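Undergrad: Take a look at the letters that make up each chain.
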Amino acid sequence: MDVPRLAGIAFDVLSLSSILVLLVLGMGIIVSMMGIFNLAHGELVLLGAFTVYLAHKVGLGVGLGIVLAPIVVGAAGLLLERSVVRHFYSRPISALLATWAVGMMIRESVRAGLHGRSEVVVAPFSGTFAIGNVYLSQWRVAIVLLTVAVIAASYLLLQRTRVGLQVRATLDNASLARASGIATGRVYALTFAFGSALAGLAGALIVPLFALYADLGVTFLVRSFLAVMVGGVGSFEGPILGAGAVGLGSGVLPWVVAPVLADALVFVIAIALMRFMPNGLVHRG
Amino acid sequence: MKQSEGSTSHGRDDRVLDVRGLCTRYGTSQVLFNVDLHVPSHGSVAVLGRNGAGKTTLLKSIVGEVKPFRGAVAVRGRECTAAHTEQLVRLGLGYVPQDQAVFGGLTVAENLRVGAMGAPRGSGTMDQVLAMFPKLGRRLSQRAATLSGGERKMLAIGRALLSDPALLLLDEPTEGVWIAVVEEIAERLIALAQTRSVLLVEQHVDLALRVADYAYVLERGHIVLHGPSDEIRHHPDLYRYLAP
Ligand SMILES: Nc1ncnc2c1ncn2[C@@H]1O[C@H](COP(=O)(O)OP(=O)(O)OP(=O)(O)O)[C@@H](O)[C@H]1O
Ligand SMILES: [Mg+2]
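Protein chains in written order, with the numbering used here: chain P, 1 to 285; chain V, 286 to 529.
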């Protein structure tokens, strides 16, 4: 393979991993704080994508749709947490079922809304950059830059603000946080909404690359689930590394082995990693 | 830190904490039986009892970390049996749990800042806490998990003090602490008890009775003895209740 081609693939992997990071950050913080896996996380991605599609349809434009998506999905996440999820924090298995059911309802509603078809949403800008003889898609560059900006902002929010300190304290020791006057129920709701907003943003960014179809979220759910398991929970770096690893695996493997095999192989490697590093790549004791 | 204000002079309002007929169970096994306990606005109270007597459960029931199935808890005259822990902190309770009393992943400074978040009256300051426990001042940017046992207990007390509580609940603040440091903590607690009410659970009976002017003895979830510390200290049955 020649260098430009390789660089192109590397960049595709990078942009896919960026999207995964957005998902995994949200999913990871919910797992480590509330101890539950949100199986509707993929459908929150779908909802973000659908928001962009709707915005485009009613004439607001794709750009505005992408701005609206995290807000709409964050609000939906808040509603979901307050009405359903919060009742399941002490029962992680029931939480799986409940969020799976909610996810299915969202998915099937979108399927009905789309009349079972898939829809194309074009990126707000298309075209390519040339760096030497390497051509990069502008939209993919935008995805990577936006993701980096969002990660940096989240990190600062977590490390430098009062709310961030409340979140970290709750993450560290929820009952001590309550004993320090922090309303952990509200922190949970906020965290869930924030994770949802990130998923919504991911959906909005990804829809121009793929297309809008009802099962869009499912593939991402599986990969982010793996990434969370691989990266480990409870740290900021873990999910990012996990997303990088899974993004790399699912980006590179299809070029090396048959695509059908690649998906299975990603799983096998992830499971092997979990077997030998049960606490993930990054672990805080 | 200054004396807490605002308690009126009559009846039950004189009590910063009023526990009546408290019954708590875990699943089907009952741990507390009709516990009555009071802490006056200007006084300190010790709870003694052997391992498993229910001391920690009593404190957890008071702060709402565990829900009692019968009985009532009032803080500064306000009924708050069903209140959330964080609301009680706003009412003026400070709580130092027996286990995991610091945020291990946060730095010492961050632990203290979290403590200050629950301060509605906000007169407790970091400087006062650091003056009380100078050791902490040298470790501000260190993660709490890396502190020694004694330093961790000091940090836990400091964190709780930053909300300037009218009543400080301490669950074994000297457990697992080296003997010389126990004495250091004891001195601070005696000083603390001059400025606010303290409810102290403590294995070191002498220390507890030096800090508190009134004591309760808990045995298998029942209050079997209570009275002024001076009386309890010489009570003929005390060591029968505390013997292992
Ligand atoms: N979460 C729980 N679930 C079930 N039983 C519990 C739980 N916590 C405590 N217990 C039981 O309740 C009883 C009282 O426990 P508690 O921790 O209140 O005692 P303690 O007086 O604080 O003991 P120690 O001096 O060892 O700290 C014990 O028999 C204990 O086994
Ligand atoms: Mg105890």
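I should point out that these hints are in silico values taken from the structure, not numbers from a laboratory.
Only a predicted model underlies this, so the values are computations on that prediction, with no experimental measurement involved.
Heads up, a few of these hints could be off.
[Said to hold, decoys possible] So the derived label-pair ranges between C-beta atoms look like this: (1) M104/P to A430/V: 37 to 47 Å; (2) L6/P to K420/V: 53 to 63 Å; (3) R186/P to G306/V: 30 to 40 Å.
Positions of the beta carbon are idealized from the N, C-alpha and C atoms, including for glycine.
Undergrad: Which of the numbered hints are not met once you compare them with the structure shown?
TA: none
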